[in-house]
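Count the sequence shown with our numbering and you get residues 1 to 128, in order.
If you are wondering where the hints come from, they were derived from the structure by calculation, not from laboratory data.
Just so it is clear, CB atoms sit at the ideal spot from N, CA and C, and this is done for glycine as well.
Keep in mind that a hint or two might mislead.
Claimed, not checked - Straight-line Cα separation of at most 20 Å, EDC-like style, residue types lysine to aspartate or glutamate; simulated pairs:
1) Lys118 with Glu87
2) Lys47 with Asp60
3) Lys47 with Glu87
4) Lys11 with Glu91
5) Lys11 with Asp89
6) Lys6 with Asp89
7) Lys47 with Asp32
8) Lys97 with Asp56
9) Lys6 with Glu110
10) Lys23 with Glu110
11) Lys47 with Glu91
12) Lys6 with Asp60
13) Lys45 with Asp2
14) Lys23 with Asp60
15) Lys127 with Asp105
16) Lys47 with Glu110
17) Lys121 with Asp105
18) Lys117 with Asp89
19) Lys112 with Glu91
20) Lys113 with Asp89
21) Lys97 with Glu87
22) Lys122 with Asp105
23) Lys45 with Asp56
24) Lys113 with Glu87
Claimed, not checked - FRET-style restraints, in silico, Cβ to Cβ:
25) Glu91 with Thr34: 25 to 33 Å
26) Leu94 with Lys122: 16 to 24 Å
27) Phe114 with Arg16: 16 to 24 Å
28) Thr34 with Glu99: 22 to 30 Å
29) Ser126 with Arg104: 38 to 46 Å
30) Gln124 with Tyr44: 38 to 46 Å
31) Ala40 with Phe114: 17 to 25 Å
32) Asp32 with Glu91: 50 to 58 Å
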Amino acid sequence: MDVIHKIGRRKTAVARVYVAPGKGNITINKKDITSYFTTATLQYKVKQPLVMTNNDSNFDITVNVFGGGITGQAEAVRLAISRAMCELDAENRLTLKPEGLLTRDPRMVERKKFGQKKARKKFQFSKR
């Protein structure tokens with residue numbers, strides 16, 4: 001098997017994932033997963049597609065991720081890993097699709113409009 005390269009996005013975060021056969025090491029931006037994503041929920045999000053397809057100890061995963069916040073980055077990595085698992089075996093699609101792991105979340109931050117305080121919030125109107 002050759003190295004599989006997939007891209008995942010969420011908000012403004014972009015993750016490039018390289019999946020190769022190995023022992024189950026996950027390296028994100030040249031750091032271990034536990035030092036990059038410190039909370040257990042973010043680590044769970046990243047490992048979710050691997051655990052669901054029973055591949056958590058079969059592949060070494062190298063990730064380059066940039067942009068966005070820490071949660072957006074974790075979800076971008078999750079999408080990329082899910083896409084890679086589908087390319088490995090078409091059967092994995094049947095497990096990941098119902099959980100929504102193959103769907104790119106299209107929600108983005110709405111832009112701020114001029115003459116307003118934020119995207120939807122207006123400046124306070126005071127009648128004197």
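Checklist line | Pairwise beta carbon distance, alanine 40 to phenylalanine 114, judged against the given window 17 to 25 Å | finding: At 42 Å between Cβs, range violated.
Notebook entry, point to check: Taken at face value, is the distance from the CA of aspartate 89 to the CA of lysine 6 at most 20 Å?
Noted result: Distance ~14 Å between lysine 6 and aspartate 89 Cα, so the pair holds.
Next item on the list: Please work out if lysine 6 and glutamate 110 have their alpha carbons no farther apart than 20 Å.
Entry: Answer violated: lysine 6 to glutamate 110 is near 27 Å, above 20 Å.
Item checked: 20 Å limit on alpha-carbon distance, applied to hinted pair lysine 47 and aspartate 60 -> 12 Å, holds
Margin query: Between the beta carbons of threonine 34 and glutamate 99, is the distance compatible with 22 to 30 Å?
Written below: 24 Å, holds
Notebook entry, point to check: Does glutamate 87 lie within 20 Å of lysine 47 when you go C-alpha to C-alpha?
Noted result: Holds, at about 17 Å.
Notebook entry, point to check: Taken at face value, is the distance from the CA of aspartate 105 to the CA of lysine 122 at most 20 Å?
Noted result: It is violated: about 28 Å lies between the C-alpha atoms, which goes past 20 Å.
Note to self: I want to verify a distance hint. Is the separation of the beta carbons of serine 126 and arginine 104 within 38 to 46 Å?
What the structure shows: At roughly 44 Å between Cβ atoms, arginine 104 and serine 126 fall inside 38 to 46 Å, so the hint holds.
Check: Does the Cβ pair phenylalanine 114, arginine 16 satisfy 16 to 24 Å?
Finding: 36 Å, violated
Item checked: Hinted pair lysine 6 and aspartate 60, Cα distance within 20 Å -> 14 Å, holds
Item checked: Restraint status (C-alpha distance of lysine 47 to glutamate 91 at most 20 Å) -> Within the cut-off at roughly 18 Å; holds.
Margin query: Given the hinted pair lysine 47 and glutamate 110, is their Cα-Cα distance within 20 Å?
Written below: 30 Å, violated
Taken one by one, the earlier hints fail for this structure at numbers 1, 4, 5, 9, 10, 13, 15, 16, 17, 18, 19, 20, 22, 24, 26, 27, 31 and 32, listed in ascending order.
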